[in-house]
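Chemist: Spelled out, the chains give:
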Amino acid sequence: MNLAIPTPGIRRRSVTGLWLRHAVSFVRYWKFVITWVLIEPVIILVAVGFGVGKLIDGVEGAPSYAEFVAPGLIMGNAMFHALFETSWNAYNRIDNDVYETALTTPITITEITMGDILWAVTRSIMTVVGTAIVAALFGWLNHWEAIGIIIPAIMVGITFGALGFLFSAVAPHTTFLTLVFTLVASPMFFFSGSFFPISILPDWVEPIAWFMPLTSAVHIARGFALGSLDITHLWAALYMIALTAIIWPAAIFLLRRRLIK
Amino acid sequence: MTNESQLNRAATLNPDGSVIKADEIRKIYGDIAAVDGISFTVEPGETYGLLGPNGAGKTTTMRMLSGLSPTNSGAITVSGIDVVKDNRAVREVMGVVTQHDGLDNGLTVFQNLFLHGFLAGLSRKDSKNRAHEVLEFFGLRDRSKSNVYELSGGMKRRLAIARSMMTSPKVIVMDEPSTGLDPQSRNRVWEELAVLKDAGVTVLLSTHYMEEATILCDRLSIMDHGKILDEGTPDQMIERHAPKEVTQLRVSPVSIRTVRAYLTEHNITFREVGALISVTGANGDRPDLSGLKDLEGVRTSYRAGNLEDVFLAITGRELRDG
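Top line first, the protein sequences correspond to chains A and B.
Using my numbering, you'd call the opening residue of the first sequence number 1 and step up by one each time.
Using my numbering, you'd call the opening residue of the second sequence number 1 and step up by one each time.
Calculated from the structure, these hints are not laboratory results.
Small disclaimer: the values here were computed from a predicted structure and weren't measured.
Glycine included, each C-beta is placed from N, C-alpha and C at the ideal position.
Misleading hints may appear alongside valid ones.
Listing some non-contacts, in silico: residues in chain A with all C-beta distances to chain B over 12 Å [as the list claims (entries may be wrong)]: (1) 24; (2) 64; (3) 147; (4) 176; (5) 186; (6) 190; (7) 229; (8) 234.
Derived DSSO-like pairs: lysine-lysine, alpha-carbon spacing no greater than 30 Å straight-line [as the list claims (entries may be wrong)]: (9) B:128 <-> A:31; (10) B:85 <-> A:261; (11) B:145 <-> B:125; (12) B:227 <-> A:261.
Turn these sequences into a full structure, and let the hints guide you.
Modeler: See below:
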């Protein structure tokens with residue numbers, strides 16, 4: 001009997017098994033989760049698009065403020081979902097020994113991050129697709145290329161899914177996790193070009209804004225939404241990939257240090 | 001059950017015929033050796049216990065054996081698998097009950113089992129069927145749809161044990177299977193472990209309950225400060241280290257001073273826990289307590305030596321001191 005499966009390499013069942021766990025749990029609580037996936041982003045979309053948009057004549061490169069802001073809000077919201085999954089939810093899974101139990105099956109730390117990040121991507125896609133359909137119904141997504149927003153949705157799920165682990169893996173208690181929002185989510189939500197073009201920021205702030213990965217995601221999403229893709233969107237995508245190539249291994253390292261004693 | 005089906009239930013063996021073999025394993029945290037070079041083997045179908053107080057290194061030992069924690073040195077073989085080299089493969093064949101139940105509060109009882117089985121590699125259909133079987137066996141069928149946080153402590157523990165049975169493992173490690181349970185739930189867990197034993201499952205468990213070790217274990221090791229101090233069957237251990245008989249005096253407060261003075265005066269060693277004084281005579285003979293006969297509020301009884309006495313004799317400490 002050959003029981004020895006090689007330790008290196010990825011065991012696919014580990015990833016699908018964890019993903020299924022999250023999906024089952026999600027379905028159990030869908031009535032609550034749906035408020036966050038769909039209702040909240042739509043409220044923000046309506047407030048900013050119909051409300052703030054009325055006060056603003058137009059933004060460079062976009063026919064209306066609503067059309068400018070829609071892809072930005074959609075990406076910002078996707079970021080919240082991915083981050084929340086792997087910071088707050090993953091912290092609870094650490095704290096309640098859910099990963100500890102999972103590790104009694106033939107799963108590795110790398111596969112745990114893969115399963116969770118795959119779920120973060122799933123959540124990101126769900127909220128992006130849901131909100132984008134509503135935005136399209138309002139007439140704020142008009143180009144056929146807008147379907148491509150799914151691509152930055154996936155990228156946001158991966159990058160911010162990995163980023164969330166940097167917090168949950170080292171958090172001593174849940175209060176620590178508020179840092180995810182004060183240090184990462186809020187600054188990015190407001191300074192990554194969702195609400196206004198980064199070019200109007202002071203010169204010294206602009207590079208800082210470009211450093212934030214959400215800026216790249218918003219830039220790409222807007223390229224698809226307005227049908228104005230060019231080479232800069234490729235650079236933005238490569239930047240996100242490069243950043244993820246640093247963050248993800250760091251997340252695995254920290255989670256291993258936390259769980260394997 | 002025929003011999004053949006019993007054979008089918010047996011675990012794959014190590015080259016030396018054992019199921020679990022730990023050889024000089026060591027785990028160091030900082031400058032403290034949590035496990036300090038211990039060796040033992042568990043034979044097929046055996047229930048083997050690690051008995052010791054909290055902090056003795058039992059949990060760390062079990063985590064190393066089940067591939068959850070790397071060793072600093074030493075060799076571990078489980079069902080022919082080199083655990084140090086391939087910690088993933090050992091988790092394919094071994095059931096593990098961790099110290100904290102590790103149940104998933106986001107899921108129902110059934111989902112906890114089903115998803116664990118699926119993660120472990122069963123097909124969805126097999127995992128569902130097995131979850132139903134296991135729920136039936138552990139008497140949890142009517143709680144199938146409950147949230148796990150609604151369960152009592154005893155039910156949670158049994159669910160955690162049930163979960164480790166999802167893949168029908170032939171070898172299980174259990175970290176303190178009945179710690180924190182009320183006596184009734186504990187008995188229930190013990191009954192279920194007895195059924196597993198009858199089915200030929202090899203069990204390694206840790207405990208700091210003398211009674212649990214006596215009832216469940218074929219053989220056991222006494223651990224303290226990361227080391228194994230002695231090993232044997234419960235009877236062997238008692239014969240080796242414990243007095244045949246211990247005299248117990250239940251003393252009321254009015255007489256306690258008199259009794260202490262008498263014992264000290266006659267050079268009789270004793271230990272006092274609460275209202276109970278335990279006395280062991282020299283060479284296992286009953287000590288001469290004739291002088292206490294007429295004293296008011298002293299009741300004398302005799303009990304056989306037990307693992308508690310063994311632990312005291314070997315370590316100089318009470319097991320319950322932790």
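Chemist: State for each hint whether it applies.
Modeler: Status of each hint after checking the structure:
Interface exclusion of residue 24 (chain A) from chain B breaks down, the closest Cβ pair being 6 Å apart, not more than 12 Å. With a cut of 12 Å on Cβ distances, residue 64 (chain A) stays outside the contact zone with chain B, its closest approach being about 42 Å. At roughly 32 Å, the least C-beta separation between residue 147 (chain A) and chain B is larger than 12 Å, which holds for a residue marked as non-interface. Distance to chain B confirms residue 176 (chain A) as a non-interface residue, since its nearest Cβ pair spans about 21 Å, more than 12 Å.
Every beta carbon of chain B lies more than 12 Å from that of residue 186 (chain A), the smallest distance being close to 27 Å; the non-interface claim holds. Here residue 190 (chain A) stays apart from chain B, with its beta-carbon at least about 32 Å from theirs, past the 12 Å limit. Look at residue 229 (chain A): its CB is around 40 Å from the nearest CB on chain B, clear of 12 Å, so calling it non-interface holds up. Chain B leaves residue 234 (chain A) outside its interface by the beta-carbon criterion, the shortest separation being 38 Å against a cut-off of 12 Å.
Taking the CA atoms of residue 128 (chain B) and residue 31 (chain A), the gap is near 26 Å; set against the 30 Å cutoff, the hint holds. With a C-alpha separation of about 17 Å, the suggested pairing of residue 85 (chain B) with residue 261 (chain A) holds against the 30 Å cut-off. Note on residue 145 (chain B) and residue 125 (chain B): the hinted pairing holds, with a Cα-Cα distance of about 18 Å set against a maximum of 30 Å. For a cut-off of 30 Å, the pair hint linking residue 227 (chain B) to residue 261 (chain A) stands: about 19 Å separates their Cα positions.
Hint compliance for this structure: hint 1 alone is broken.
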